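Sequence order for the protein chains is A and B. Heads up: the first sequence begins at 1 in this note's numbering, then just goes up one per residue. Heads up: the second sequence begins at 1001 in this note's numbering, then just goes up one per residue.
Heads up, some of the hints might be wrong.
[What the hints assert, rightly or not] In silico contact screen, one side only, chain B against chain A (beta carbon under 8 Å); selected entries:
| id | residue |
| --- | --- |
| 1 | Asp1071 |
| 2 | Met1073 |
| 3 | Asp1090 |
| 4 | Pro1139 |
| 5 | Asp1163 |
Because the hints were derived from the structure by calculation, they are not lab data. Just so we're clear, the structure is a prediction, and the values are computed from it rather than from any experiment. Backbone N, C-alpha and C fix where the C-beta goes; we use that ideal spot for every residue, glycine too.
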Amino acid sequence: MGDPQDQNWYAAMYRIRRVEETLLDLVRQREIAGSVHLCIGQEAIPVGACAAIGPDDPVIATYRGHGWALARGVPLVELLAETLGRSSTLNGGRGGSAYLSGPQYGFFGENSIVGAGVPMAVGLALSASFQGVDRVPVVSIGDGALNQGVVHESLNMAAVLNAGLLVLVENNGYAEMTPSDALTAVPAAARAPAYGIEPVEVDGNDPAAMARCVSSARAAARSDRRPILIEAHTRRLGGHYSGDVQHYRPAGELDEWRVGDPLTRAAQSIGPGDLAGIRNQVDREIETALGQARERSLPDPSTATDHVYTTG
Amino acid sequence: MELTYIRAVNAALGWALRELPDTVVLGEDVAIPGGPFGATKGLRDEFGARVFDTPISESAMVGTALGMALDGMRPVVEVMYGDFLLVAMDQIVNQVANTHYVSNGQLRAPLVIRTQHGSTPGSCAQHSQSLEALFAHVPGLRVGLPATPDDAYQMLRAALVSDDPVLIMESRRLYPLKGEVDVDADVQAVGAARVVRPGRDVTIVTWGTLVAPCLEAAGVLAGDGIETEVVDLRWAAPIDAVTVAASASRTGRLVVVHEANRTGGLGAEVVAEAAERVGTRLRTIRRVATRDVRMPASPALSRAVLPSTETVVDAVREALTPTSASSS
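Take these sequences, add in the hints, and give me the full structure.
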């Protein structure tokens, strides 16, 4: 029953979900220092988008970016080692959960300044134009980032400088700990036309819809050299960060939101045997990768000041 | 060839656009208008779309330049006044300076941010500040402050070939100044101070706009038989502490002169470097700086708070007074 592609979508989303849950456990066990910002409930967005973009398209995310890193092909064991503060081929323990990057996988990194990646994506788009290469950057931000000034600056700049990029706004219902609509006078899709930018709205909990949307937006951004803003509607099914007890949530909200959980929806078209098989395979992959990551050495303290500059 | 300071900047940018195919120049009014001070005059005509105008959006300008740099290009972004760097502070400090380190060396940010700063009569509170200490404090950035037309050319070229992000803070007051520029010189590396006048009695360390007044002060003091060594620091990051300490060790007296405000200014860092390296042979320390005040609009008031040749002469004389206590 169902399309075999449904199983692929489910497997990719379940993998991100389980990694995020594993990271949360590792924070609670104090095996990860500091906090992590999880994308539980939003997995369909990176999974669908990364299935639709080009092999060299640069992706920029925020601290809620583990899903983007994994969907872009960053190896799981490296991601786990990096978040554990151990040696990794990503950032050798300098990036951690919130700043990990893997440019060799087209993943140009996360950011704690929620709107700061947008101008970088504009620059990557202009660079692609100057070099005449077929690349369309994708920058993921949350709805909260819309209210940082640099996003306003960058949307206008992208429009006037003909930057072909996708600004993907993940509207997950909360700007950190406050409901988005309490703080945002006009939502993302409605703002875009004021910059001369075409908006697209999409069901961010449906990976197939995401892929279709990103595919056509990418084609337009590339052929017309213009920015396109995608507002993907989703729900954050966890806290802002790992230590967030979510006391601000109205009673019953999470239960209501879980009805639309992208994993629950995707599972509906997969038979129980197949579902169990997928889960088992992913669970074993994560278990193995975590074991390998835990065996990685800690970074050598004598290298702590390496790479401040390219020379000397 | 004799060039004004601003033409030397223009020549360095033209050199980079010719020699380094990944160089682009962006900023407010830099393309069609040729730059508010003329630094980019004629470059749009010669290099086309590689020189382009941006909206008045300092954060997005720096962030866009960073994005291009991540992809291997060498953008030069002009920020019209040093005061306006503050609008782009997140991009400069949290983004540009972090790129190489946090990626464990996998990403590079070879961009140049050019600005000009300092006070001129009537330039007021938001067009006058000298903020080099803020940026010299940030690991990951290089900060250069050219004091002559030749250094405007040589230091900018050093920045343009650097694989690290470099902030060049030019001096608006010096833009019309003419001087000999060696346009065919080898490209220098970033860093290194220079002794611009030797002397055995006292060391002045200064940079940027105040190098010329300090040389003038040294001339006045020479009339009294005082031999003043003047060191042009040139780079606020990295500080060439070796050259500073060697001079301070020879003379035993150090006067640091800068146009930035006194408290927390780079002078304190220069003094600390010298004191740590020279020890008790450094008998006297003085700082000459703009007083700790916001910059007033009226020239009658700004003159009262800015350093001058006279205040430098006075500080050196005081440093040489036998009863003068070391600022320990």
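Tested hints:
The criterion of a C-beta within 8 Å of any C-beta in chain A is met by Asp1071 of chain B, whose closest approach is roughly 4 Å, and the hint holds. Annotation: interface hint on Met1073 of chain B holds; nearest CB of chain A at approximately 5 Å, less than 8 Å. The criterion of a C-beta within 8 Å of any C-beta in chain A is met by Asp1090 of chain B, whose closest approach is roughly 6 Å, and the hint holds. Residue-level restraint check for Pro1139 of chain B holds (minimum Cβ-Cβ distance to chain A is 5 Å; threshold 8 Å).
At about 4 Å, the closest approach between the beta carbon of Asp1163 of chain B and any beta carbon in chain A falls short of 8 Å, and the interface hint on this residue holds.
The earlier numbered hints are all upheld by this structure, with none contradicted.
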